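**Student:** Sequence:
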Amino acid sequence: MVQILHISDTHLGKRQYSLAEREKDIYDVFSQLIDIAIKERVDAVIHSGDLFDVSNPTTNALVIAVKILKKLKDANIPFLSIPGDHDTPKRKGYLIPHNILTELDLIKILNYDKPYIIKDIEIYGIPHIPTVSKNVLVSTLSSLKPKSSRSILLLHQGVKQILPYDGSWQMELGSLPKGFGYYALGHLHTRWRLIQDDGSIIAIAGSPDIMREEEIEGYEKFGKGAYLIDFSKDLPTLTTINTTVRPQKVVTINTKNLKNDISKIKSDLLKNNNGENNKPILHIIVEGERMRKDLLYRELLPLNDIALYYRIYKDETIQSVDNLTYTLPQDRGLDKIIIEYLTKYEKFNEDEANLILQMIKNVDSEDIVNEILKRLTGVNL
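Here full-length UniProt numbering is used: the first residue of the sequence shown is 1, the next is one more, and so on.
The reader is advised that the hints may include incorrect statements.
Stated by the list, open to error - No more than 20 Å apart at the CA atoms, straight line, and that leaves these computed lysine to any residue pairs for SDA-like:
(1) Lys-256 - Arg-290
(2) Lys-361 - Leu-376
(3) Lys-279 - Asp-261
(4) Lys-114 - Ala-75
(5) Lys-314 - Lys-361
(6) Lys-147 - Lys-70
(7) Lys-249 - Pro-280
As the list claims (entries may be wrong) - Computed spacing ranges between beta-carbons, pair by pair:
(8) Asp-198 - Lys-114: 17 to 27 Å
(9) Glu-214 - Val-66: 37 to 47 Å
(10) Ile-285 - Leu-376: 37 to 47 Å
(11) Tyr-17 - Glu-299: 14 to 24 Å
(12) Tyr-94 - Ser-168: 20 to 30 Å
Hints listed in this document are in silico derivations from the structure and should not be mistaken for laboratory results.
Predicted model only: the values in this text are computed from it and were never measured.
For every residue, glycine included, the Cβ atom is placed at its ideal position computed from N, Cα and C.
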């Protein structure tokens, strides 16, 4: 029997909303996963990208990663990883942070040229490949041919069937090479899995904590944590492993009934109180008549007693002037605004606009910028 723990998108060093408590939360859930791996006596831990939140992590993040991973090494359990987009420096010549951990013999970086073998399980890994190099990714995938279904492929890419909007994906599920028993995907933060007709499994482990408010719905349905892969037979089976995370809630208040709404939120939170060290984060949707922000935040002050942090997530208030009602414009997201400007006013087509958006996002990467310019102009630089 071979057991492997699949984790992903730990984003060590992330300090959500600039809160030191949130940075500690991220370290704590990573430590939980490593403790579970040791307790379950797994044969390996695989990590499908974004080990760190940035490619130049703080000393704190590096030191804590070393301390936690040392526990795994002392238990003789290898930690196998690929770099994700957050791990990868934008500038040529800079090393990924994984190299420090490799020098300390705490992790092993996977590649697709030669598999890492755990007992009789072949494990391949492909580092994150940016959108502009989709063709390179597809070519690399088509070159992989495992010996049997007792094999794993690690990837950290956006998938068209799950992230269908332009610029968000680099591959389709149909591009996955045949023959692997388990496809360990990263990049997306909500857990997901698909058992294919041949019995192989495509699985997204997701992030082990709630990194963004849009993950709350997925967390409430599927939890956060990891997958325990059991290769007792030729094809794997999965067990869901959950981590304990700080609660995050989306709540709605109406300016016409502020005091009662806030009182009810406090009452509901007190019923589910998890202690001083696990106060929730609140994402507030505001409805009703528009009111001054300073007055609104004054009314919200009682939430300080029960929440670690709260924020106005969406302002859906309306304003009445001369018996006419106006709805405040909603944030469409910077990406959509840029695309709209480029297509509507600069007359680029959708494909060109998305390439320009990718160039803006990767302005520090000379290789990516040159590749995009070459595709836009047809001129070799």
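**Student:** Lys-256 and Arg-290: Cα distance at most 20 Å?
**Tutor:** holds, 10 Å
**Student:** Quick one, are Lys-114 and Ala-75 close enough, alpha carbons at most 20 Å?
**Tutor:** violated, 25 Å
**Student:** Taking only the CA atoms, is the gap from Lys-361 to Leu-376 under or equal to 20 Å?
**Tutor:** Since the Cα atoms of Lys-361 and Leu-376 sit roughly 16 Å apart, the hinted pair holds (cutoff 20 Å).
**Student:** Does 37 to 47 Å hold as the CB distance between Glu-214 and Val-66, or does it fail?
**Tutor:** With a Cβ separation near 32 Å, Glu-214 and Val-66 fall outside 37 to 47 Å, so the hint is violated.
**Student:** Between Ile-285 and Leu-376, is the Cβ distance one that fits in 37 to 47 Å?
**Tutor:** Holds: the Cβ-Cβ distance is about 40 Å, inside 37 to 47 Å.
**Student:** Taking 20 Å as the top limit, are the C-alpha atoms of Lys-279 and Asp-261 close enough?
**Tutor:** holds, 19 Å
**Student:** Between Tyr-94 and Ser-168, does the beta-carbon spacing fit 20 to 30 Å?
**Tutor:** Holds, since Tyr-94 and Ser-168 (Cβ atoms, about 25 Å apart) stay within the stated range.
**Student:** Hey, Lys-314 versus Lys-361, does the alpha-carbon distance stay inside 20 Å?
**Tutor:** Violated: Lys-314 and Lys-361 sit about 25 Å apart, past 20 Å.
**Student:** Within 14 to 24 Å: is that where the Cβ-Cβ distance between Tyr-17 and Glu-299 falls?
**Tutor:** holds, 21 Å
**Student:** So does Asp-198 sit 17 to 27 Å from Lys-114, Cβ to Cβ?
**Tutor:** holds, 25 Å
**Student:** Does Lys-70 lie within 20 Å of Lys-147 when you go C-alpha to C-alpha?
**Tutor:** violated, 32 Å
**Student:** Would you check the hint for Lys-249 and Pro-280, treating anything up to 20 Å between C-alpha atoms as holding?
**Tutor:** Within the cut-off at roughly 7 Å; holds.
In this structure, the hints that do not hold are numbers 4, 5, 6 and 9, in rising order.
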